Amino acid sequence: MADRRTRGMTGSDLSRTNTSNTAARALAIAEQLHHECSILLELYRKKESFAADVPVSDSRLVSVPPPSSQLDTRDQLWRLHSALLQCRSLMERAIAKEEEELDDGRKSEYETQRKMVKDRLSFLLITIGELLKAADGTVGVTPSGEGLELDGPTVLFELKLWVYRIFKEVDYWTKTAITTLQALPSVTAKERARTRQVRSTRRARR
Amino acid sequence: MESAGQMLMLAALMLTAHAGSQNYLLTFPHPKFVRVGSNFTATCVIINRTEVTADDLYWNLSETILPREHYSKINNSAISVTFTVTSDKPEWLFCLCRNPSPNIVLNQGLYMHGIYLQKGYAVQQPPGNLSCVALQENTYISGTITCEWRDSGPQTEQDPIIYTLHVRDMTSQGNYTTTTKTKAQVSLGTYPNHMNLEIWVEAKNSLGMVESEHLKEEANWFVKTNPPSDISVISEKSFPTSLLLNWTLPIDKSYFRLMYRIRFTTEGANTWTDVPQEDTSQDIQSFRLQNLQPGTKYISQVSCKNARRGHGRWSDWSNNATKWTPEAPPRGKPDLWMTILGSPNANGQNVQIACKDPVHSNGRITMFSLMIKAHRVTNASTQLENTTEMISRSGDITVLKQVPIPDHQSTQVFLTAINSVGQSEKAFLGVPERERPSVEDLRVSSQDGRLLVEWRLPRSSEVSEFVVEWVGRGQMDWQKENKSTTRTHITGPLEPFVCYRVSVYVLRSGWSSKATSVEAFLKEGAPSEAPSVSLLGVPGHDGAHLVWTQIPPERSRGFISTYTIYYRTGDATRAVTVLGNSSSYKLTSLSPDTTYDTWITASTIAGSYKGSTHSFTTQKYAPGEIEGIVVGVSLGFLFFFLMIVLLCFYKKDVIRENFWPRIPDPGESTIKNWSPDYSLKADLPRESCVSGISVLDVDVCDGRSLFDEEKAGLPLKKDKFLSEEHSSGIGGSSCMSSPRQSVSDSDEGGDMADTTASTVQYSSVVASSGYKGQTPAQPTLFSRSESTQPLLDCEENPDTSAQEGSRQSQRCSRPTGNNLSPQGAALREELQPLDFCSLPEDAENNTPAEHQSAASASSYMPQLGGYRPQ
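Protein chains in written order, with this note's numbering: chain S, 12 to 217; chain X, 7 to 876.
Rather than coming from a laboratory, the hints here were simulated on the basis of the structure. Since we're looking at a predicted model, the values are computed, not measured. Among the hints, a few may not be true.
Some chain S residues close to chain X (C-beta under 8 Å, calculated; not the full set) [stated by the list, open to error]: (1) 39; (2) 40; (3) 126.
Listing some non-contacts, in silico: residues in chain X with all C-beta distances to chain S over 12 Å [unchecked claim]: (4) 154; (5) 196; (6) 245; (7) 262; (8) 414; (9) 463; (10) 561; (11) 615.
Using N, Cα and C, we set each Cβ at its ideal position, and we do this for glycine too.
Working from the sequences, and respecting the hints, build out all of it.
Here it is in structure tokens:
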């Protein structure tokens with residue numbers, strides 16, 4: 012049997028990290044994603060010669076329940092997770108569409124940044140998923156792609172605007188994630204209280 | 007159970023072999039790799055042959071037969087061997103069969119089978135010291151992570167250890183890469199900042215596998231960013247002791263927050279000054295350096311890392327950011343000093359005024375204001391000289407001016423340093439008209455790579471401070487010590503193998519004393535040169551005076567402790583060691599007329615160096631030796647001559663007797679009384695006895711001729727002969743007779759027949775060829791008797807002499823009688839009355855022995871070869 016030793020975190024820690032640390036990491040990833048997304052938008056605008064105030068539709072590409080103060084933390088996280096998941100689907104579709112329609116075979120800074128944003132979005136989803144798991148043990152139902160404009164327009168200009176809208180959508184939901192996650196410590200505190208309650212209940216049962 | 011299984015395997019193998027192999031032996035197992043150090047067991051089976059048995063089998067490993075004690079016989083047709091695998095080189099293990107009997111010769115090609123053993127090592131230890139780093143690329147962290155680790159122990163070429171580097175993140179199964187080295191990279195695509203990573207290394211070969219420890223850390227734990235860029239330094243005139251640093255973040259804050267470290271130094275300094283970490287651990291992009299020296303050039307660098315404790319690695323240092331701090335007026339005084347140039351002369355001494363900038367020059371000193379005040383005691387005059395100059399700067403020393411300082415003159419020097427903003431305080435240095443005592447017992451030694459200077463305080467009075475000055479290889483420097491110091495290290499940079507003249511002065515309120523100096527080396531080395539030896543004068547015959555020029559300390563690379571003089575002739579080399587302060591030596595005990603090669607070796611405590619060789623040849627003779635020899639020889643001759651003279655003088659009688667024998671004076675002989683009237687006949691017998699002293703053998707021919715010649719004159723000479731008969735009768739010895747006399751006698755030999763009885767013979771003439779009819783062809787030999795026997799003795803012993811003489815007469819007369827001519831016969835008849843040879847018959851009857859005896863008995867033996875003592 013091969014010798015196996017660990018340093019730092021234990022093996023179980025890897026899958027069950029501390030919730031607060033996870034929330035902090037999620038927030039850090041969201042901020043990083045926001046930074047990278049803004050760079051991507053800049054690169055895209057530069058690439059497509061779009062002005063900073065290029066008119067795009069105010070309507071959201073992602074369909075999630077409307078925000079409400081009535082939503083608890085878990086629901087907020089679920090809503091966020093759902094929106095980001097749709098964003099990733101849209102982005103994957105946009106990337107596929109771009110590669111299908113516009114790819115010139117070169118790996119430019121834009122492509123690198125685009126891949127980085129998509130991967131970072133995946134990291135954020137994983138981290139938020141961990142938070143959701145920590146909240147109630149389930150990640151929740153993965154929303155389907157129904158209702159999303161995944162096919163995209165066929166006209167090139169509209170396609171470019173559609174891609175731009177997707178990036179803007181990612182940026183929007185990244186900012187939403189930051190906001191949501193920054194408010195998460197209260198959730199963490201609640202969770203901590205819940206954990207203490209569970210422990211005390213167990214002790215009482217003994 | 008195991009045995010049964012082995013038997014079953016054997017059976018299966020035999021069946022298999024029977025089907026496919028043509029060899030009659032079969033070995034197994036055939037492992038891919040065998041672990042070095044393990045015991046390996048192989049089995050060999052005989053297939054379908056009965057002429058050989060297991061006892062005939064043997065194992066051969068790398069052409070070496072394995073000992074039988076390692077064998078194990080399974081049955082009559084199978085044998086196994088067990089041995090320890092030691093070598094890590096691949097090798098063949100053969101099962102072979104020997105001929106079962108001398109009558110059976112096996113086909114060895116069929117009776118063999120082999121196992122190829124490839125060796126390997128089990129992976130002994132997990133890869134250790136695993137460390138990984140993810141570097142920044144552009145504005146983000148590269149997705150490629152690089153890891154290094156320590157190897158897992160020995161391996162073989164056949165079975166190398168393959169390392170697999172695994173990196174796993176939360177999104178996927180991760181990635182890995184394999185290598186045989188101890189460094190590898192894994193690409194993760196996008197670097198998962200803030201995500202957890204698990205990294206480990208798996209070491210595997212055919213004989214096992216081990217894993218390293220698993221690094222489970224957040225991805226930013228492995229990150230190393232670029233250093234901060236665009237470092238700018240801002241200098242503000244209103245803050246001459248401060249500089250403001252600004253920089254650009256190497257990576258966006260969203261990746262992670264950064265902490266910094268800053269260091270700075272002045273230009274030319276070797277050490278960096280670090281800004282305390284707590285001041286730079288904040289998320290900052292600028293920092294103000296404070297408490298700096300005004301007017302000084304500072305170099306700054308910045309580095310950064312992940313601000314999270316324990317995360318990330320420090321980046322490399324940024325590029326240098328250089329800036330001068332604003333200038334301020336110099337603070338303090340310039341360090342003023344005067345060093346003496348050369349030796350003092352009759353008029354005084356020359357000094358060189360030099361200075362160092364004030365410790366806090368607060369900027370670049372652009373000029374010095376120098377004032378020299380000279381006061382002559384003799385005429386109480388004072389001279390003032392004001393100059394403002396910036397002459398030459400050598401390092402941190404500025405040479406200002408050379409001035410003569412005459413004796414009996416006090417000199418005061420005042421100096422002010424000036425920069426662009428202001429001027430310093432005034433420094434003062436004075437040289438009094440009279441020398442003041444300096445330190446005592448100055449010692450300088452090398453200690454820990456520095457020169458330690460120690461001294462004793464002068465007895466006199468107050469001391470303000472000491473100045474330690476050192477001069478070496480044309481460079482001068484000094485340092486000042488406070489008044490309580492008695493030992494200090496020289497702080498300036500010193501070079502090894504350089505002779506430094508270290509001087510200590512006492513300053514009393516700025517007035518300098520005389521110097522106390524010693525020479526010292528920071529480190530001594532072997533000399534780089536040695537003096538050339540030469541001769542003083544010409545070499546002697548056993549010595550030579552060698553001289554050489556001492557190596558000055560500045561070129562000797564150390565204090566010359568000894569000089570060793572070598573001198574060699576042939577294969578013999580001798581050496582003489584003299585002290586290092588010597589410059590000449592006299593070689594002694596040299597061999598004369600010999601060429602010597604000589605050289606000198608200069609030695610310090612660190613080594614020595616051989617000088618060039620000089621040859622000389624010693625002289626053959628010492629001075630005066632030739633003259634001595636000549637004088638000695640001359641004196642010797644002179645002495646010898648004198649000795650001869652003296653000897654002759656004192657031994658003149660002996661010499662006279664030897665060279666000029668004394669002839670007896672016949673006048674004093676009793677024979678003088680002989681009467682001439684005596685009857686010849688009556689006296690003849692007596693005369694015949696005396697005649698034995700003088701014998702004349704005359705050749706017949708000669709006698710005849712003589713007779714013929716003399717016959718005519720005979721009557722005329724007869725009287726003479728007769729008158730001489732008296733003397734011949736007295737002279738019994740003829741040995742001292744002169745040759746002339748002998749010749750004369752011979753000449754008169756013709757008369758001998760008739761004068762023998764009356765003539766004294768001083769020599770005998772022997773006709774050696776006159777024996778028994780021999781032909782007288784040979785010349786007649788004359789043998790002069792050396793006898794000194796006085797004839798008087800014969801006279802005194804007439805009987806003996808007569809007897810001998812008669813025998814000789816008989817011998818001589820015989821040939822005469824035989825060969826006489828008619829004239830001779832007549833003469834003989836005339837001589838008959840002498841009765842000289844009266845018994846011819848007796849003579850004829852004498853035996854040769856008797857004849858010989860008679861001859862030997864004669865006092866006058868004929869000697870052909872010389873004289874024989876009688």
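Taking C-beta pairs only, is residue 615/X more than 12 Å away from all of chain S? holds (62 Å)
Decide, holds or violated, for the assertion that all CB atoms of chain S are farther than 12 Å from the CB of residue 154/X. holds (16 Å)
Verify that the Cβ of residue 561/X lies farther than 12 Å from every Cβ atom of chain S, and report whether the claim holds or is violated. holds (64 Å)
Is the claim that residue 262/X lies outside the interface with chain S correct, judged by CB distances over 12 Å? violated (8 Å)
With d taken as the least Cβ-Cβ distance between residue 245/X and chain S, does d exceed 12 Å? holds (36 Å)
Verify this label for me: residue 414/X is non-interface relative to chain S, using a Cβ-Cβ cutoff of 12 Å. Since the minimum Cβ distance to chain S is about 85 Å, residue 414/X lies beyond 12 Å and the statement holds.
Minimum Cβ distance from residue 39/S to chain X below 8 Å? With a closest approach of 4 Å, the residue 39/S hint holds.
Should the hint that residue 40/S touches chain X count as held when the rule is a Cβ pair under 8 Å? With a minimum Cβ separation of about 5 Å from chain X (threshold 8 Å), the hint on residue 40/S holds.
Taking the closest Cβ pair, is residue 126/S under 8 Å from chain X? holds (6 Å)
Can we trust that residue 463/X is non-interface, i.e. its beta-carbon lies farther than 12 Å from all of chain S? holds (65 Å)
Does the claim that residue 196/X lies off the interface hold, with its Cβ farther than 12 Å from every Cβ of chain S? Its Cβ does come within 12 Å of chain S, the nearest being 4 Å, so this is violated.
Going down the numbered hints, you'll see the structure goes against 5, 7, while the others check out.
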